[in-house]
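Novice: Residue numbers (the working numbering), protein chains in the order written: chain A, -6 to 102; chain B, 5 to 203.
Please keep in mind that the hints were generated in silico from the structure rather than gathered at the bench. As the structure is a prediction and not an experimental result, all values here were calculated from the model. Hints are supplied without guarantee of correctness; some may be wrong.
Label pairs and their computed distance ranges (CB to CB) [as the list claims (entries may be wrong)]: (1) Ser39/B - Ala76/A: 31 to 39 Å; (2) Gln86/A - Ser148/B: 43 to 51 Å; (3) Thr100/B - Lys50/A: 51 to 59 Å; (4) Gly32/A - Ala44/B: 16 to 24 Å; (5) Gly58/A - Gly8/B: 23 to 31 Å; (6) Leu145/B - Ile89/A: 52 to 60 Å; (7) Arg73/A - Pro7/B: 29 to 37 Å; (8) Arg30/A - Gly111/B: 37 to 45 Å; (9) Gly163/B - Arg30/A: 40 to 48 Å; (10) Leu170/B - Val84/A: 42 to 50 Å; (11) Met131/B - Asp59/A: 30 to 38 Å; (12) Met96/A - Arg9/B: 45 to 53 Å.
Dumping the calculated SDA-like pairs for lysine to any residue here, alpha-carbon to alpha-carbon at most 20 Å [claimed, not checked]: (13) Lys50/A - Trp65/B; (14) Lys29/A - Asp15/A; (15) Lys50/A - Arg30/A; (16) Lys29/A - Leu153/B; (17) Lys50/A - Val84/A; (18) Lys29/A - Ala38/B; (19) Lys29/A - Glu4/A; (20) Lys29/A - Ala16/A; (21) Lys29/A - His5/A; (22) Lys83/A - Ala39/A; (23) Lys50/A - Ala48/B; (24) Lys29/A - Trp51/B; (25) Lys29/A - Val142/B; (26) Lys50/A - Ser41/B; (27) Lys50/A - Leu73/B; (28) Lys29/A - Arg40/B; (29) Lys50/A - Gly72/B; (30) Lys50/A - Leu66/B; (31) Lys29/A - Trp65/B; (32) Lys50/A - Leu71/A; (33) Lys83/A - Glu4/A; (34) Lys50/A - Pro60/A; (35) Lys50/A - Ile6/A; (36) Lys29/A - Gly71/B; (37) Lys29/A - Leu14/A; (38) Lys50/A - Gly71/B; (39) Lys83/A - Ser36/A; (40) Lys29/A - Glu35/B.
A virtual CB, placed ideally from N, CA and C, is assigned to each residue, including glycine.
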Amino acid sequence: MPRGDLLGSLEHIVLLAVARLDAEAYGMTVRREIEKRIGRDISIGAIYATLERLEAKGYVSSALGDPTAERGGRAKRLFRIEASGERALKVSQEAIRKMAAGMTRWRSA
Amino acid sequence: MLPGRVRIATALLSCLLPAEDVETIVGDLEEEYASRSRSAWARAGLWYWMQAVRSLPILLWLPVRRGGLVSTAAVGLAACAVQAGVEVATGFALTTVAPAHASWPAGVALVVTLLSLTVVSYQSTQMRPGAATLIALVAGLAISLRWLLSSPGRGVPIGMQFVLLLFVPSMALMGGALATRFRSHTGLAAGRDRRRDPS
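Using the sequences provided together with the hints, build the complete structure.
Specialist: Shown next as structure tokens:
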């Protein structure tokens, strides 16, 4: 497996959030989803930096949405997972599953 | 409309970030702030500021990555060399012209430093967005090094060093921000958005 196929931990989490949110994935909803599911408070800057890295790798694509009043008339940048992103998720999940297979002893529960 | 306490954070982000990032990131923050302030407005303000402060270093680094680290670093370091040349030439001219024990040359030197830093940041950001971040970083490191290497009790007082450490890199970022505003207004940065739009 080429090294580039494996996602970093934050990339993995952000890509999963984009996949879960489907058409509603933009910076703040991705941040909220991660906070809600794993309780990790990530800054919006880190979310956008990760999304941009994923976009550069071709795992997600983005497009500007319509401006709304609650956002001070500013547009959303909506993200969508691409087929290569889904493949990368599967490869990473599989790698973790294989590495964890048969592990019975953990230092801390 | 945002209250004053978070409007400053918005102004800071709007000033320092590229226009296309301001649109989406500040929009996201405002949306979340509006939702949080309905239940706890004081905590919502604190949350907004924390997000702005934590995000700013990461977001300032984004243009460096977009422009390519090596080429942006080359432009940034060349700009630093030009600025250092101006500083050395000014110092030499002032020691030649000014009488001994005069205090005004230090003030003139500081003004020239700040202005030249802003100008080189502006020019280099026109060539490579993100160059100003690197110039600010180098300026901060240079001030810190000068501080560490100066013998105790001599040189610039500690309070002034803190002011310089905050103010000098900020001037570099300001030059970059001016260039970014100019690029946005003239539509030079609009190509990125057009490329992203699937339609």
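Novice: Holds or violated: Lys29/A and Arg40/B, Cα atoms, limit 20 Å.
Specialist: 15 Å, holds
Novice: Is the hinted range of 23 to 31 Å satisfied by the C-beta distance from Gly58/A to Gly8/B?
Specialist: 29 Å, holds
Novice: Between Leu145/B and Ile89/A, does the beta-carbon spacing fit 52 to 60 Å?
Specialist: Violated, since Leu145/B and Ile89/A (Cβ atoms, about 39 Å apart) do not stay within the stated range.
Novice: Has the given pair, Lys50/A with Leu73/B, been kept, meaning a C-alpha gap of at most 20 Å?
Specialist: It holds: about 17 Å lies between the C-alpha atoms, which stays within 20 Å.
Novice: Given the hint that Lys50/A pairs with Leu66/B, does the C-alpha gap stay at or below 20 Å?
Specialist: 15 Å, holds
Novice: Is Lys50/A close enough to Pro60/A, meaning Cα to Cα at most 20 Å?
Specialist: With a Cα-Cα distance of about 27 Å, the restraint between Lys50/A and Pro60/A is violated, given a limit of 20 Å.
Novice: Given the hint that Lys50/A pairs with Ser41/B, test it: the Cα-Cα distance must not exceed 20 Å.
Specialist: 37 Å, violated
Novice: Evaluate the given range 45 to 53 Å for the C-beta pair formed by Met96/A and Arg9/B.
Specialist: 49 Å, holds
Novice: A range of 30 to 38 Å was offered for this pair. Does it hold for the Cβ distance of Met131/B and Asp59/A?
Specialist: The hint (30 to 38 Å, Cβ to Cβ) holds, given that Met131/B and Asp59/A are roughly 34 Å apart.
Novice: For a C-alpha distance cap of 20 Å, please report whether Lys50/A and Ala48/B respect it.
Specialist: Given pair Lys50/A, Ala48/B is violated - Cα atoms ~35 Å apart, limit 20 Å.
Novice: Within a Cα-Cα threshold of 20 Å, do Lys50/A and Arg30/A meet the stated pairing?
Specialist: The hint is violated at about 25 Å.
Novice: Compare the distance between the alpha carbons of Lys29/A and Leu153/B with 20 Å, and conclude whether the hinted pair is satisfied.
Specialist: 48 Å, violated
Violated hints, in rising order: 6, 8, 15, 16, 22, 23, 25, 26, 31, 34, 36 and 39; the structure is consistent with all others.
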